[in-house]
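Those sequence lines, one after another, are chains A and B.
One point on numbering: in my numbering, the residue at position 138 of the first sequence is 138, and numbering is uninterrupted.
So the mapping is simple: my numbering equals the position in the second sequence, first residue as 1, plus 318.
Calculated directly from the structure, the hints in this document are not laboratory data.
Being a predicted model, the structure only gives us computed values, none of them experimental.
For glycine and all other residues, C-beta sits at the position ideal for the given N, C-alpha and C.
Treat the hints with care, since some could be wrong.
As the list claims (entries may be wrong) - Estimated spans, in silico, between C-beta atoms of each pair:
| no. | chain 1 | residue 1 | chain 2 | residue 2 | range |
| --- | --- | --- | --- | --- | --- |
| 1 | B | L393 | A | A241 | 52 to 60 Å |
| 2 | A | K313 | B | S343 | 19 to 27 Å |
| 3 | A | A298 | B | R469 | 43 to 51 Å |
| 4 | A | I156 | B | K377 | 46 to 54 Å |
| 5 | A | Q304 | B | S374 | 34 to 42 Å |
| 6 | A | T288 | B | S374 | 43 to 51 Å |
| 7 | A | T192 | B | S374 | 46 to 54 Å |
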Amino acid sequence: MSSLSNLIRNENMKIYRRPRTWLMIAFLILAIGLMSGIMKWDASQNANQDWQNNLTERNTHMQQELQNNKELSEGDETYLTNEIKLNEYYLEQNINPNQLSLWSYVNTSTSLIMLATILTVIIAADMIAAEFTWGTIKLLLVGPASRTKILLSKYIATLGFALLLLIVTFATAYAAGGILEGFDGTSQSRITITEAGVIQESSYFVNSLEKYGFSVVSMLMYVTMAFMISSAFRSSSMAIAFSLLFMLVGNVLSAFLSGYSWVKYLLFSNIDLTQYLSGSTPLRPEMTLTFSIMMLFAYYVVFQFVAWLLFTKRDVAA
Amino acid sequence: MTEAVLQLRNVTKSIGGRKIVDNLSFDIPAGEVFGFLGPNGAGKTTTIRMIVGLISMSKGEALIKGVSVREHFELAMTHVGAIVENPEMYKFLTGYQNLAHFARRHKGVTKERINEVVKLLGLQNRIHEKVKRYSLGMRQRLGVAQAILHRPSLLILDEPTNGLDPAGIRELRDYLRKLTREEGISVIVSSHLLSEMELMCDRVAIIQAGKLIDIRSLQEARDSIQSKIVIEVGDLLAAQQLLASIFDVSRVEVNGNLLELAADKAAIPDIARLLVSSDIDVLGIHAVQKSLEEQFLEITGGEMVV
C-alpha cells in the first residue's frame with residue numbers, strides 16, 4: 001500500500017518537473033520586481049519635496065477643518081485629531097512617513113497575491129484533468145492507493161505550491177525592499193495611533209503576516225474551487241478556462257448584483273474578508289464577519305465533497 | 319492445489335438496465351497466460367477495468383490472491399501490474415523518473431530493482447531521456463517495466479498490442495512467456511486479434527455481448543484440430559464404400575464430387591495404395607486443416623472475431 005508521503009512526492013515531481021511551473025515562478029518574481037521598480041521610481045519623482053513643510057501644512061489645514069466645519073461627525077473628529085497628533089509625532093521624531101522602507105514593498109506585494117492565486121488556480125485546475133488529458137489516469141489509479149488517498153495527495157501538493165508562491169512573493173518583495181532601501185529597515189517598527197489617541201509602535205512583520213493572512217483565505221477558496229472543477233472536467237484546458245472565468249467574473253458579478261439580498265450567499269461576496277476591517281464597508285449592510293466565515297466554511301466543505309465524489313465514484317472508461 | 323491468482327465471481331456491469339458484462343465467472347491459476355477474446359464491444363475492456371477498479375462492478379466480486387478488489391482495493395492491487403491500452407507515461411519526465419514515480423507507490427521497490435527491470439527490458443541506454451522522445455515500442459517496454467517493478471502475481475494487459483508493429487508484438491509476446499515461465503506470473507490479456515492470442519495464451523475465454531461463451535485450452539484446441547483428407551476419384555460410390563468399410567462410416571463424407579475423410583495426413587499413402595489396388599482411379603488427394611479461427615467462428619456463431 002502506498003504511503004501518503006510518497007504519493008505527495010509523486011505529485012510534487014509532476015508539478016516541479018514541468019518547465020511551465022518554473023516559468024510561472026519566474027513570472028511572479030518578475031512582476032514583483034517590476035512593482036518594486038515602479039514604487040522606487042515614483043518615490044524618486046517626489047523626492048525633492050520638503051516633507052516637513054508638507055506635514056505642517058496638512059496639519060494646519062486639518063486644524064482649520066476641525067474648527068470651522070461644524071457638520072463633522074464624532075468619528076471624523078477623532079480621526080482628524082489623531083492624524084494631527086500622529087503628524088506632530090513624526091515631526092518631533094524627525095521621521096518621514098512617506099519615506100519608502102523595506103516594509104513598504106512587502107506591504108504593496110499583498111496586492112500581487114492575486115497573481116499568485118491565479119497561477120495556483122491554473123496548477124490546481126490542471127491537477128486532475130491533466131491526468132485524463134495525458135491518459136495517465138489509468139496507470140495512476142491502478143495501484144495500491146485508494147482514490148481518496150490519491151485525491152488527498154494531489155490537494156496537499158497543490159496547497160504546497162500555493163504556499164511556495166506566497167513565500168516567493170514575500171521573499172522577493174523583502175529582498176527588493178532590502179536592496180532598494182537597505183536591509184537595516186527590517187527592524188523598523190510600525191507607528192500607528194489608537195482610537196484613544198495613543199501612539200503605538202508595532203512590528204511590521206506581524207502586520208504583513210496579517211495582510212497575507214486575509215489573502216490566503218481567498219486564495220484557499222479559489223484554489224479549492226479550481227480543484228473541484230478539475231475533478232469535474234476531463235480536459236485540463238476546459239478546467240483551467242472555467243476556473244479562471246469563475247474567479248475573474250465572480251467578483252465583478254457580486255459587486256454588480258449587490259442590490260439584491262441573495263448576493264450575500266454567493267462565494268464571491270464573502271471571499272474578501274478585508275471588507276470587515278475598520279475603514280471598509282461590507283458588500284451588504286447585514287453581512288457580518290461571522291456570517292462570511294460560516295459561508296466560506298460551507299462552500300469549502302461542498303467543494304471538497306463534490307471533488308471527492310466526482311473523483312472516487314466515476315468510472316474511468318475512455 | 320494452488321489457489322487461483324484471479325477469481326471472478328458473477329461479475330456483472332449494467333448501465334441503464336443494459337448488461338454490458340453478464341455474470342462472468344472464471345479462475346486463473348498461477349503461471350497461466352489467459353486470453354480474453356471477443357468482438358469489439360463484447361465487454362472485454364469493461365471486465366478488465368472492473369478487475370482493476372477503474373470501473374465499478376454492479377454485482378459480483380473479483381478476488382486477487384483471495385483478496386476482494388471491492389473491499390480491500392489497496393491490498394488487492396499490491397499483487398497487480400497493469401497495462402491498460404497503450405501505456406501513457408508522463409512525457410515531460412524521463413523514463414527513469416516515470417519508473418521512480420510508479421515504484422514509489424509500492425513498498426520495497428529498490429533502486430537496484432528499477433535498474434534490474436530497466437536492463438531486463440533493454441532500456442538502459444535511453445532511460446534518462448524524456449519519454450516524449452521514445453518510440454511507441456520503447457513506450458510499450460517502459461509500460462511493461464512499470465507493470466512488473468513490484469513483482470506482481472497477476473499482470474493485466476488490456477489490448478497491449480494496439481498500435482505495435484509485428485516486431486513489437488513479437489517482442490512483447492516473448493517477454494510475457496519469459497515472465498510466466500521464470501517468475502510464475504499469471505497474465506490476463508485481452509485482444510480482438512485471434513492470431514495473437516493463439517501464439518500467446520494457454521487458455522482463452524470467448525465472450526460475446528457480455529456473456530461467457532466458452533473457455534478452451536489452446537493446447538487441447540490444437541490437438542483436436544481436425545484435419546481431413548480430400549480425395550478426388552473416378553468412381554465416387556465405390557471409393558466411398560471401400561473407405562467406409564475400413565474407416566468408420568461417420569468419418570467418410572461425400573462433398574460434391576469429392577470424398578472427405580476425417581484422418582491425418584499420415585494416412586494418405588495407405589489410402590492411395592488401397593484405392594489403386596482396388597482399381598479406383600485417383601485424380602487427386604490432399605490434406606486440409608481446420609484452423610483455430612474456423613473453430614472460433616463456429617463457437618461465436620459465425621460472427622467475425624477480428
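Between A298/A and R469/B, does the beta-carbon spacing fit 43 to 51 Å?
Because 47 Å falls inside the window, the suggested range holds.
Assuming the hint says 46 to 54 Å, is it satisfied by the Cβ distance from I156/A to K377/B or not? violated, 35 Å
Quick check on a hinted range of 43 to 51 Å for T288/A and S374/B, using CB atoms only. holds, 44 Å
ask   = Would you say the C-beta atoms of K313/A and S343/B sit inside 19 to 27 Å of each other?
value = holds, 26 Å
Task: Range hint 46 to 54 Å (beta carbons of T192/A and S374/B) holds or violated - done: violated, 60 Å
If you check the beta carbons of Q304/A and S374/B, does the distance land in 34 to 42 Å?
violated, 21 Å
- [ ] Starting from the range 52 to 60 Å, see whether the pair L393/B and A241/A falls in it by beta-carbon distance.
- [x] violated, 40 Å
Of the hints listed earlier, those the structure fails to meet are numbers 1, 4, 5 and 7, in rising order.
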